[in-house]
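**Q** Below are the chains, spelled out letter by letter.
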Amino acid sequence: MSNNQNTVRSRKYLNPYLGGVLLGLVLLAANFISGRGLGASGAIKSVVATTIEVVDKDAVSTMPFMSEYAESHSGSPMKSWLVFQMMGVIVGGFLSGALAGRLKLKVEHSPKITSKRRLIFALAGGILFGFGSQLGRGCTSGSALSGMAVLSLGGFVTMMGIFGTAFALAYFFRKNWI
Amino acid sequence: MGPLAPYEIISENTNFLLAFFIGIAFGWVLESSGFSSSRKLAGVFYGYDTVVLKVFFTAAVTAMLGLLFMSLFGWVDLDLIYVNPTYLTSAIVGGVVMGAGFIMGGFCPGTSFCGAAIGKIDAMVFIGGLFIGVYGFAFTYGWWEKMYFAKYLGEPKVSEKLGMSDGLFGLFLIVIALGMFYVAEWAEKKFPREEY
Chain A
1 MSNNQNTVRS RKYLNPYLGG VLLGLVLLAA NFISGRGLGA SGAIKSVVAT
51 TIEVVDKDAV STMPFMSEYA ESHSGSPMKS WLVFQMMGVI VGGFLSGALA
101 GRLKLKVEHS PKITSKRRLI FALAGGILFG FGSQLGRGCT SGSALSGMAV
151 LSLGGFVTMM GIFGTAFALA YFFRKNWI
Chain B
179 MGPLAPYEII SENTNFLLAF FIGIAFGWVL ESSGFSSSRK LAGVFYGYDT
229 VVLKVFFTAA VTAMLGLLFM SLFGWVDLDL IYVNPTYLTS AIVGGVVMGA
279 GFIMGGFCPG TSFCGAAIGK IDAMVFIGGL FIGVYGFAFT YGWWEKMYFA
329 KYLGEPKVSE KLGMSDGLFG LFLIVIALGM FYVAEWAEKK FPREEY
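Chain order of the listed sequences is A and B.
Residue 1 is where the first sequence starts when you use the numbering used here, and the numbers rise one by one after that.
Residue 179 is where the second sequence starts when you use the numbering used here, and the numbers rise one by one after that.
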């Protein structure tokens, strides 16, 4: 499998500590410019709120969680800092992957499980993460990472909740990963 | 003097444009650190690949130190920097639900977009799940509303709660991070995996 070894070498990643410093500087820049940190789930909420409005305008008013959010974004939930930032994330991720030769349409999974099983768990995990990010007022980026940088108690609590639970449950899902 | 947008040094639209460029840098760093791979991300929970822990804590410490020093030099007004409010119950329960989603799905929202951007189909399916989950929460909001607002503590900093200065707490955080990095390096040697 010499061919395989070559692919592994060409997929070299950044040193994690250097990556961490760079990510920290990006987060610092976000705070310096906008007065807030980074985020991801907020942009998804914007898209969901907009979709509901387009599909059924009356439905938004029956969902206080979404109507309050739409009102706080000057009428248009898509005109939000996080939506523009997430568009950038897709571009940045694509550019990095393209430069490193990592663009490939595939389902990544452990050789011990099927693609189908991987996708079922990805969907279930996504649903839980989406739900939890709304309850916890932000995900790993917006609540845990950005919260920790400004020493927010809630940020530290959410961070411990996310990583602590994933560690505690790791044994039950080991077949999916190792 | 920062932050620029709250001080109205830059307009709202400039702020949105800069958000796009910050997003590009964010996505680039996540992807080139390997966060577009669910198997690399999940590695931290089994010890075979601890890149998540290293990048995450280095980033938190770097940004925290940056803000403290910029405040010290008078470059940024920390009073205008958003500090996430603490609703203790929902922070814990939300974190637990997200943690379960993390170990099952192998991504978090930001990293799933990076994975999808380079063609990972599992990341795209995860994103589909995110939309369902967010919609599901909004749809059933009435059931969780009480929990959502329970145990509101304001916007406390951990340093305040512990009765120490921001700087001293920052030092503690650095020491804790270094300790975790030491364990992480040890774990990667103890639980080696073939490259995937």
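Treat the hints with caution; some may be incorrect.
So the derived list for chain A, only partly shown, Cβ under 7 Å to chain B, looks like this [as the list claims (entries may be wrong)]:
no., residue
1, V48
2, T50
3, V54
4, V55
5, K57
6, M78
7, G101
8, K104
9, I113
10, A124
11, T158
12, G161
13, I162
14, Y171
Subject to a maximum C-alpha distance of 27 Å in a straight line, what follows is the list of computed DSSO-like cross-link-like pairs (lysine-lysine) [said to hold, decoys possible]:
no., chain 1, residue 1, chain 2, residue 2
15, B, K367, A, K112
16, B, K329, B, K339
17, B, K335, A, K112
Just a sample of chain B residues kept apart from chain A, beta carbon distances all over 10 Å, derived [said to hold, decoys possible]:
no., residue
18, L195
19, G252
20, V275
21, A316
22, F317
23, L349
24, K368
It is worth saying that the hints were derived from the structure and are not from the lab.
Ideal Cβ placement from N, Cα and C applies to all residues, glycine included.
**Q** For each hint, tell me whether it holds in the structure or not.
**A** We went through each hint and held it up to the structure:
Because the beta carbon of A/V48 sits about 5 Å from the nearest beta carbon in chain B, less than 7 Å, this interface hint is met. Taking 7 Å as the C-beta cut-off, the interface hint given for A/T50 is violated, the closest approach to chain B being about 12 Å. The criterion of a C-beta within 7 Å of any C-beta in chain B is not met by A/V54, whose closest approach is roughly 13 Å, and the hint is violated. Of the supplied interface hints, the one on A/V55 is violated, with its beta-carbon coming no nearer than about 11 Å to a beta-carbon of chain B, more than 7 Å.
Hint status for A/K57 relative to chain B: violated, with the closest Cβ pair at about 15 Å, above 7 Å. For the restraint placing A/M78 at the interface with chain B, the shortest Cβ-Cβ distance is roughly 11 Å, beyond the 7 Å limit, so the hint is violated. Nearest Cβ of chain B to the Cβ of A/G101: about 10 Å, over the 7 Å cut. The hint is violated. Interface restraint check for A/K104: the shortest CB-CB distance to chain B comes to about 5 Å, inside 7 Å, so the restraint holds.
At a threshold of 7 Å, the smallest CB-CB gap from A/I113 to chain B is about 11 Å, leaving the interface hint violated. Because the beta carbon of A/A124 sits about 5 Å from the nearest beta carbon in chain B, less than 7 Å, this interface hint is met. A cut of 7 Å between beta carbons decides the hint on A/T158: the least distance to chain B is about 4 Å, and the hint holds. The criterion of a C-beta within 7 Å of any C-beta in chain B is met by A/G161, whose closest approach is roughly 2 Å, and the hint holds.
Annotation: A/I162 was flagged as interfacial toward chain B, and the flag holds, the nearest CB pair being 4 Å apart, inside 7 Å. Interface hint status for A/Y171: violated, as the beta-carbon distance to the closest one in chain B is roughly 9 Å, over 7 Å. For the given pair, B/K367 sits about 23 Å from A/K112 by alpha-carbon distance, which is consistent with the 27 Å threshold. With a C-alpha separation of about 15 Å, the suggested pairing of B/K329 with B/K339 holds against the 27 Å cut-off.
Distance restraint check for B/K335 and A/K112: the Cα-Cα separation of roughly 44 Å exceeds the 27 Å cut-off, and the hinted pair is therefore not satisfied. For B/L195, the non-interface assignment is contradicted: its Cβ lies about 7 Å from the closest Cβ of chain A, within the 10 Å cut-off. With a minimum CB-CB distance of about 13 Å to chain A, B/G252 clears the 10 Å threshold, and the non-interface call stands. Not every Cβ of chain A is farther than 10 Å from the Cβ of B/V275; the closest lies at roughly 3 Å, contradicting the non-interface assignment.
The Cβ of B/A316 sits about 4 Å from the closest Cβ of chain A, inside the 10 Å cut-off, so the non-interface label is violated. Against the 10 Å criterion, B/F317 falls within the reach of chain A, whose nearest CB is about 7 Å from its own CB. For B/L349, the requirement that its beta carbon stay farther than 10 Å from each beta carbon of chain A is met, with the minimum near 12 Å. Against chain A, the non-interface label of B/K368 holds: every CB pair exceeds 10 Å, the least being about 13 Å.
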